[in-house]
Amino acid sequence: MHARNYRVPAEQRQIIRILLLPMVYGVISFLSYRFFSDYIYYSFIQAAYESVTLSAFLLLLIQYVAATSPEYSAEAALSKKDKRKMPLFFCFRIRPSKPYFMHAVKWLVLQYAFIKPLISIISIITEAAGVYCEGVWDPHFASSYLEVVDVIAMFGALYGLILFYIITKDILANRNPLSKFLAIKIVIFLGIFQNFVFDLLADHGIIHGSGYWTESNIVHALNAFCTAFEAYIAYMMLKAYPAAEYTDPALGKPGGVGRALLDSINLSDFGREIWASMKWFFNNSKSRREGQASGEMANGGEATFEQAFFPNYALGANPHAYGTRDNTGLLAQEGVAYPMGDRMKKSAHNAPKNGQERP
Numbered sequence: 004m005h006a007r008n009y010r011v012p013a014e015q016r017q018i019i020r021i022l023l024l025p026m027v028y029g030v031i032s033f034l035s036y037r038f039f040s041d042y043i044y045y046s047f048i049q050a051a052y053e054s055v056t057l058s059a060f061l062l063l064l065i066q067y068v069a070a071t072s073p074e075y076s077a078e079a080a081l082s083k084k085d086k087r088k089m090p091l092f093f094c095f096r097i098r099p100s101k102p103y104f105m106h107a108v109k110w111l112v113l114q115y116a117f118i119k120p121l122i123s124i125i126s127i128i129t130e131a132a133g134v135y136c137e138g139v140w141d142p143h144f145a146s147s148y149l150e151v152v153d154v155i156a157m158f159g160a161l162y163g164l165i166l167f168y169i170i171t172k173d174i175l176a177n178r179n180p181l182s183k184f185l186a187i188k189i190v191i192f193l194g195i196f197q198n199f200v201f202d203l204l205a206d207h208g209i210i211h212g213s214g215y216w217t218e219s220n221i222v223h224a225l226n227a228f229c230t231a232f233e234a235y236i237a238y239m240m241l242k243a244y245p246a247a248e249y250t251d252p253a254l255g256k257p258g259g260v261g262r263a264l265l266d267s268i269n270l271s272d273f274g275r276e277i278w279a280s281m282k283w284f285f286n287n288s289k290s291r292r293e294g295q296a297s298g299e300m301a302n303g304g305e306a307t308f309e310q311a312f313f314p315n316y317a318l319g320a321n322p323h324a325y326g327t328r329d330n331t332g333l334l335a336q337e338g339v340a341y342p343m344g345d346r347m348k349k350s351a352h353n354a355p356k357n358g359q360e361r362p
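Going by my numbering, the first residue of the sequence shown is number 4, and it counts up by one from there.
Simulated from the structure, these hints should not be mistaken for lab results. For each residue, glycine too, the CB sits at the ideal point set by N, CA and C. Accuracy of the hints is not assured; some may be wrong.
Listed below are the simulated DSS-like cross-link pairs for lysine-lysine, each with C-alpha atoms no more than 27 Å apart in a straight line [stated by the list, open to error]:
1) K172 <-> K256
2) K188 <-> K282
3) K282 <-> K86
Label pairs and their calculated CB-CB ranges [said to hold, decoys possible]:
4) E248 <-> I169: 21 to 27 Å
5) L193 <-> K289: 31 to 37 Å
6) M239 <-> V154: 23 to 29 Å
7) M89 <-> A131: 23 to 29 Å
8) M239 <-> V30: 48 to 54 Å
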């Protein structure tokens, strides 16, 4: 339904990516039974797509937050947020109103969409080479190192999502972000939990091999069997991400099913967002180092807001030319404009157009 009513691409491309998760589960489950000896390769693909859904969910939340601001800017929507303690790390404080917040959150979450597929590719190669050895903690096998990297990357992504949700839950109250997040996490968590349980049963000898299937084959088959039932959670996901709010003809003419599917599989927006965040942190760090070395900082040796966050401001450049947001709520950088729904065009009467700088 979202593809047939593709009127707000900036939001719906992320929703379609999320809703494709049960379909991926179903395909993986079928292939796992048809080619059961190669299950481990399919499981890597499934895990890689799970990381895509988490990143898509963050970008969807950014769209929702930006839509609450007259400027259609996530930064503007967060500009009145006060400084607060970080969850888990209570000795640190964050300021959502500062530019670094959005960049840090995006980097925390979007890195997983790149690291997890890379882990899957390395896992497939090492498994084919016979040096992966799933479930064995031994420094001689690749699985030990890859699982540690995976856990760290996943923790960063989940922490970024939870942090952003805590900061914006009052802004997003009418969008039911918790139900949307749970619809994703329940599916992913069940997969992790069932894999843990079946591995534990195998380690204690409750699950053992037969004359035709090895112990690992049986564990993989049980995982695939449970995954097939988890695909039915797609109904819950459809309820959490209804297409009814995009059926209003006032939003404009639908973009078409073909465009919707192409936009959903085109992950270039992930790359642009994380590259923009990395570039922002690099420029900011470089500016601070240069300012300290030259001794030109004002305010008793501390950088001013413009010096710290807009290093090109002193050179006469517009501080909003980079790191600002267009009407989609996503970063507009170096002339790149993101697709914008008609809803945004009609609502943002005084908002800057795509490709234009803010006054």
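Quick rundown of the hints versus the structure:
Proximity of K172 to K256 is assessed by CA-CA distance (about 31 Å); at most 27 Å being required, the pair is judged violated. Using a Cα cut-off of 27 Å, the hinted pair K188 and K282 is violated, with the two alpha carbons roughly 30 Å apart. Restraint check for K282 and K86: satisfied, since their Cα atoms lie roughly 25 Å apart, inside the 27 Å limit. Remark: the range hint 21 to 27 Å for E248 to I169 is upheld by a beta-carbon distance near 25 Å.
A C-beta distance of roughly 45 Å is found between L193 and K289, which places it outside the suggested range of 31 to 37 Å. Checked against the hint of 23 to 29 Å, the pair M239 and V154 passes, with Cβ atoms roughly 27 Å apart. The supplied range of 23 to 29 Å is broken by M89 and A131, whose beta-carbon atoms lie about 42 Å from each other. A C-beta distance of roughly 19 Å is found between M239 and V30, which places it outside the suggested range of 48 to 54 Å.
Violation of the numbered hints given earlier is confined to hints 1, 2, 5, 7 and 8; the remaining hints are satisfied by the structure.
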